[in-house]
Amino acid sequence: MRVTTVMMIGAGALALMACRDDGGVSAGTPVARGARAVAALHSASGADVGRATATEVAGGLRVTVDAKALPPGTHGAHIHTTGRCDPPGFETAGGHWNPLMKKHGSMNPQGPHEGDMPNLVIDSGGRGTVAAVIPGATMAGLLDTDGAALVIHANPDDLATDPSGNSGARIACGVFQPS
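Final position of the sequence shown in the working numbering is 173; the numbers increase by one with none missing.
Everything labelled a hint here was simulated from the structure, so no lab data went into it. Glycine included, every Cβ here is placed at the ideal spot set by N, Cα and C. Incorrect hints may appear among the rest.
With a cut-off of at most 20 Å between alpha-carbon atoms, the simulated SDA-like pairs for lysine to any residue come out as follows [stated by the list, open to error]: (1) Lys62 <-> Val32; (2) Lys96 <-> Lys62; (3) Lys62 <-> Gly40; (4) Lys96 <-> Ala154; (5) Lys62 <-> Arg45.
Beta-carbon label-pair distances, calculated as ranges [to be verified]: (6) Gly89 <-> Ala34: 15 to 23 Å; (7) Arg27 <-> Pro82: 36 to 44 Å; (8) Ser118 <-> Arg27: 38 to 46 Å; (9) Ser118 <-> Gln171: 25 to 33 Å; (10) Pro93 <-> Asp117: 31 to 39 Å.
Whenever a hint applies, use it, and build me the whole structure from the sequences.
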């Protein structure tokens, strides 16, 4: 009975794939020869605290943050609108990347910003990773005339409060560069 059920579910999934008009490529699938940008992340003191990578994928951009040497706990992580990271507060990175003029947060019915990402959880050893696919985002939009930065905040993002999710001070920043 279980084998029959599994076979029927598999056949149904294949039938649905055949109905798609995107050639069977799902959102988030890597794009052959897709563009890539990398941001070296630094603390206010200039210490290396990891990197963020943006990669073109089907239907948008995949952004991955690999952090190290950060305080343990949960931290907001966002793409900010300007490619500048002047310490100590990194205010030069501007606000969240928001070309569609939405409200902040995945839990906000009028959101999210393109730059909103899930929270970054840093373990007791100071390391953490988070990734997200940003639907509809493009490398050209990310690397526009004033660029973009990835910012890590001191506190968790509540995923709802506009404009920044109450995520606190900016503790790390990196400017995206084509790679």
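Hints, verified against the model:
1. Lys62 <-> Val32: holds, 16 Å
2. Lys96 <-> Lys62: Judged against 20 Å, a Cα distance of about 31 Å means the pair is violated.
3. Lys62 <-> Gly40: holds, 13 Å
4. Lys96 <-> Ala154: holds, 12 Å
5. Lys62 <-> Arg45: Holds, at about 9 Å.
6. Gly89 <-> Ala34: 15 to 23 Å: For Gly89 and Ala34 the Cβ distance comes to about 22 Å; the hint holds.
7. Arg27 <-> Pro82: 36 to 44 Å: This hint holds: roughly 39 Å between Cβ atoms.
8. Ser118 <-> Arg27: 38 to 46 Å: With a Cβ separation near 40 Å, Ser118 and Arg27 satisfy 38 to 46 Å, so the hint holds.
9. Ser118 <-> Gln171: 25 to 33 Å: holds, 31 Å
10. Pro93 <-> Asp117: 31 to 39 Å: holds, 33 Å
Consistency note: the structure conflicts with earlier hint 2 alone.
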